[in-house]
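The whole structure should be built from the sequences, with the hints applied where relevant.
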Amino acid sequence: MRTARLNDKSSLLTRSPCHPLVLSPCLRLCYNNSAMITTPARTRIAPSPTGDPHVGTAYIGLFDYVVARQSGGQFVLRIEDTDRERYSASSADAILAAMRWLGITPDESPEVGGPVGPYIQSERTALYRDYAAQLVADGHAYYCFCTKERLAEMRAHQEEAKESVMYDRHCLCAHTAEERADMVRDGVPHVVRMMMPREGSTGWDDLVRDEVVFENALIDDQVLLKADGFPTYHLANVVDDHLMHITHVIRAEEWISSTPKHLVLYQMFGWTPPRYAHLPLLRNPDRSKISKRFGHTSLHWYQAEGFLPQALLNFLALLGWSHPDETEIFPLEELVEKFTFQRFNKTGPIFDLEKLRWMNGVYIRNLDMATLYPLVEPFLIAAGLLQAEPTPEERAFAQACIALEREKVRTLNEYPALVEFLFDPNFTFEDEAVQKWLRPAPAHVKPAFRALLVRLDALPDADFTPEALEAATRAVAEELGVGAGKVIHPTRVAMSGRTKGPSLFHLMALLGKADVAYRLNRALEIAKEDA
RNA sequence: GGGGCGUUGGUCUAUCGGUUAGGACGUCGGCCUUUCAAGCCGAAGACGACGGGUUCGAUUCCCGUACGCCCUACCA
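Its first residue numbered 3, the first sequence is counted upward by one per residue in the working numbering.
Do not rely on the hints blindly, as some may be mistaken.
Subject to a maximum C-alpha distance of 27 Å in a straight line, what follows is the list of computed DSS-like cross-link-like pairs (lysine-lysine) [unchecked claim]: (1) Lys357 to Lys340; (2) Lys530 to Lys438; (3) Lys515 to Lys502; (4) Lys410 to Lys438; (5) Lys294 to Lys340; (6) Lys357 to Lys291; (7) Lys530 to Lys515; (8) Lys448 to Lys488; (9) Lys291 to Lys348; (10) Lys410 to Lys357; (11) Lys438 to Lys502; (12) Lys448 to Lys438; (13) Lys502 to Lys410; (14) Lys164 to Lys150; (15) Lys530 to Lys488; (16) Lys502 to Lys530; (17) Lys515 to Lys438; (18) Lys410 to Lys515; (19) Lys488 to Lys502; (20) Lys150 to Lys228; (21) Lys357 to Lys502; (22) Lys488 to Lys438; (23) Lys348 to Lys294; (24) Lys448 to Lys515; (25) Lys530 to Lys448; (26) Lys515 to Lys488; (27) Lys502 to Lys448.
With beta-carbon atoms standing in for the labels, derived distance ranges [to be verified]: (28) Arg102 to Trp257: 22 to 30 Å; (29) Asp230 to Trp257: 17 to 25 Å; (30) Gly514 to Pro376: 38 to 46 Å; (31) Asp188 to Trp257: 55 to 63 Å; (32) Glu87 to Gly141: 25 to 33 Å; (33) Ala229 to Val114: 30 to 38 Å; (34) Ser290 to Lys228: 23 to 31 Å; (35) Lys348 to Asp140: 30 to 38 Å; (36) Gly74 to Glu213: 22 to 30 Å; (37) Ser290 to Val114: 31 to 39 Å; (38) Trp257 to Asp288: 30 to 38 Å; (39) Arg295 to Gln389: 33 to 41 Å; (40) Lys448 to Glu396: 30 to 38 Å.
Simulated from the structure, these hints should not be mistaken for lab results. Positions of the beta carbon are idealized from the N, C-alpha and C atoms, including for glycine.
Here is the structure:
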C-alpha cells in the first residue's frame, strides 16, 4: 500500500529577504519497499563520459535494468557530458559497447534513440538555460558573479573560523535583482545559483535506506549553470529526469547528500520527484570508494581478462543484494523475477575479485563446448597460438585442446598457457619437470620411452585412441615391473614439459602418432645428455 | 570543521525479538584420481564494534561512544 502525504507545493515555499525560501514541514513519503514493482517504472543510468566504462556503472545499470524489466517499464541510458574539462570523446561509445557486452541494453539511448531525446546532455543545453532562467525569474535562483579567487578566499576564511563552508550570498545581498540582470546583459561572467531555503528540512523515503532528512540551512546555494553555459549535474539531472519521465532514480550512496537539493529543485519547478534508491558504494579492500588504485574499475579489463558477462552480473547482483533463497548462482532473468529493494544491504561491499573468479569458473564449466569455444578463440589468437582466420582443421584442433582443459580455468585468458604445448612440439620444458623425470632420469624411464615408441609404432592410426594408448602404456609398465604411474608421469613430461596437465592418453590421441613419437624422442635426447 | 550513511568470521551475506548465529568465496585437511583441476566430505574461523537502555528474552528496537565511508567544486 502506498501513501504519499505531500503538502501543497505553494505552502512549502515562502519568502523573506536574503533568506527567501522557507520549506515547511519536511516532505514525508511512506512506501512499502518490500514489494516488487508492478507499475511500469522508467529507470536511467546516467554515465559521465570521462574515461573507461566503469564497473560501478555496470553495477547501478544492472539494477536499473532489473527494475525496468520487472515492472514492464523502460531502461534509459543518458550521457551526462556537461563537464567539458573531463570529457573524453571515445568514452560514450565505449560505455554503450560495454553495456551491450554485459547484456543490459537500454531501451532508450543515444544509440537507439527514443521519444524523449536527445539522450546526450550537451545537445540539450538550451533546455537547461531556459529552465535556469525560469528559476531566476521566479526568484528561486540568482546570478552570481563571484570569481573563483573570491570563493577560494571566502572558503579559507570560513575554514579558519571553523564555520561550515557555504556560499555567503554575497551577490544576492550586494546587488539588486535589476543590477544583476544589468551585469548579465553587460556580459559580466556569471553562474546561476539556486536559492536554497534556509529554514525547514527536506527528506525522502529512500527505497533502500528508508527516511533520510537534511536541515535546509546546512545546504549550500548550489551552482546550477556554470559560466561556460553548461549546467551542473544537479540542474541537468532534475530537468532530464523530469522530462524523460524517470520514476525511479537508482544511484550510488555518494549522491545522498545532494538529494535534498534535487528535491527542492523539483519543488521550485512544481514537479513531482521520482523515488530514490541509493545503493551502497562498491569499495576497495581498504573500504574506500572503489578506485583504480586498488582494483580494476574498467569493464574493459574484465572483458580482456576473460570474465563472462553473465558471471560478472551474477557477482554484482550479490554485492549488497541477496537472493531470497540464499542461492548464489542464478541468471539475470531470475534476478528480474526475485528482485526487491528490501533485500538490499546498506553497507558498502568490498569487491572481492577472488569470489568473482570462482563464480566465473562455475559459469565457464556450465557452458557447452559449442558456446565456450568461440569465446576462447580470440584469446588463442591473441596469444599467437592460432592465426586470425583459422582453417576448419586448425579450429577443430584448437577446440579439442580446449576441451581437454575445459574445467581448469577461472578466466578465459588462462586457456592459452594451459594448451600452448599442444600447438608446439618444441615447447619449453619446465625445470622442475625435467629434474623430476628426465635429468637425471630414473633407470626405467628411457627403456620405457623406447618400449612405448615400439608399441605405438605398431598401432594402426585408426587405433591411436585413448583406450589403446592407455593399454600400451600400462603394458610397458608391467613389462618393466614398475607401477603405471612410473611410466605415465615421465611420459607426461615428454609430451608437455610439465608435471601437470590434461589426461595423458587423451592428449596423446589428440597429438597423433607422429607428434607423440617426436616428443618421446626429444625427451630421450634430453635424458641422454645427462648420462 | 560541518552534514549524511554505515558497522554479523579475512571477504560477500542470511536472520524481519526466542537459531547450537545459517550459507558462499578463500584457507587448511581428507576422499577420488595418471598429474593438475573439477567434484565430494570435513575442519578452523563471529564473545554479531563497544557501552547503555526497552523487553521475560536482543545480532535484531532506541540512545550514546568509537571506527569506517561519502558529501562538503563553476566534477559527476
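Each hint, compared with the structure:
{"no.": "1", "hint": "Lys357 to Lys340", "in the structure": "holds, 22 Å"}
{"no.": "2", "hint": "Lys530 to Lys438", "in the structure": "holds, 15 Å"}
{"no.": "3", "hint": "Lys515 to Lys502", "in the structure": "holds, 21 Å"}
{"no.": "4", "hint": "Lys410 to Lys438", "in the structure": "holds, 24 Å"}
{"no.": "5", "hint": "Lys294 to Lys340", "in the structure": "violated, 32 Å"}
{"no.": "6", "hint": "Lys357 to Lys291", "in the structure": "holds, 19 Å"}
{"no.": "7", "hint": "Lys530 to Lys515", "in the structure": "holds, 22 Å"}
{"no.": "8", "hint": "Lys448 to Lys488", "in the structure": "holds, 11 Å"}
{"no.": "9", "hint": "Lys291 to Lys348", "in the structure": "holds, 14 Å"}
{"no.": "10", "hint": "Lys410 to Lys357", "in the structure": "holds, 16 Å"}
{"no.": "11", "hint": "Lys438 to Lys502", "in the structure": "holds, 12 Å"}
{"no.": "12", "hint": "Lys448 to Lys438", "in the structure": "holds, 14 Å"}
{"no.": "13", "hint": "Lys502 to Lys410", "in the structure": "holds, 11 Å"}
{"no.": "14", "hint": "Lys164 to Lys150", "in the structure": "holds, 21 Å"}
{"no.": "15", "hint": "Lys530 to Lys488", "in the structure": "holds, 18 Å"}
{"no.": "16", "hint": "Lys502 to Lys530", "in the structure": "holds, 23 Å"}
{"no.": "17", "hint": "Lys515 to Lys438", "in the structure": "holds, 25 Å"}
{"no.": "18", "hint": "Lys410 to Lys515", "in the structure": "holds, 26 Å"}
{"no.": "19", "hint": "Lys488 to Lys502", "in the structure": "holds, 14 Å"}
{"no.": "20", "hint": "Lys150 to Lys228", "in the structure": "holds, 12 Å"}
{"no.": "21", "hint": "Lys357 to Lys502", "in the structure": "holds, 25 Å"}
{"no.": "22", "hint": "Lys488 to Lys438", "in the structure": "holds, 11 Å"}
{"no.": "23", "hint": "Lys348 to Lys294", "in the structure": "holds, 23 Å"}
{"no.": "24", "hint": "Lys448 to Lys515", "in the structure": "holds, 19 Å"}
{"no.": "25", "hint": "Lys530 to Lys448", "in the structure": "holds, 8 Å"}
{"no.": "26", "hint": "Lys515 to Lys488", "in the structure": "holds, 21 Å"}
{"no.": "27", "hint": "Lys502 to Lys448", "in the structure": "holds, 20 Å"}
{"no.": "28", "hint": "Arg102 to Trp257: 22 to 30 Å", "in the structure": "holds, 26 Å"}
{"no.": "29", "hint": "Asp230 to Trp257: 17 to 25 Å", "in the structure": "holds, 23 Å"}
{"no.": "30", "hint": "Gly514 to Pro376: 38 to 46 Å", "in the structure": "violated, 25 Å"}
{"no.": "31", "hint": "Asp188 to Trp257: 55 to 63 Å", "in the structure": "violated, 37 Å"}
{"no.": "32", "hint": "Glu87 to Gly141: 25 to 33 Å", "in the structure": "holds, 31 Å"}
{"no.": "33", "hint": "Ala229 to Val114: 30 to 38 Å", "in the structure": "holds, 34 Å"}
{"no.": "34", "hint": "Ser290 to Lys228: 23 to 31 Å", "in the structure": "holds, 29 Å"}
{"no.": "35", "hint": "Lys348 to Asp140: 30 to 38 Å", "in the structure": "holds, 37 Å"}
{"no.": "36", "hint": "Gly74 to Glu213: 22 to 30 Å", "in the structure": "holds, 28 Å"}
{"no.": "37", "hint": "Ser290 to Val114: 31 to 39 Å", "in the structure": "holds, 36 Å"}
{"no.": "38", "hint": "Trp257 to Asp288: 30 to 38 Å", "in the structure": "violated, 22 Å"}
{"no.": "39", "hint": "Arg295 to Gln389: 33 to 41 Å", "in the structure": "holds, 38 Å"}
{"no.": "40", "hint": "Lys448 to Glu396: 30 to 38 Å", "in the structure": "holds, 34 Å"}
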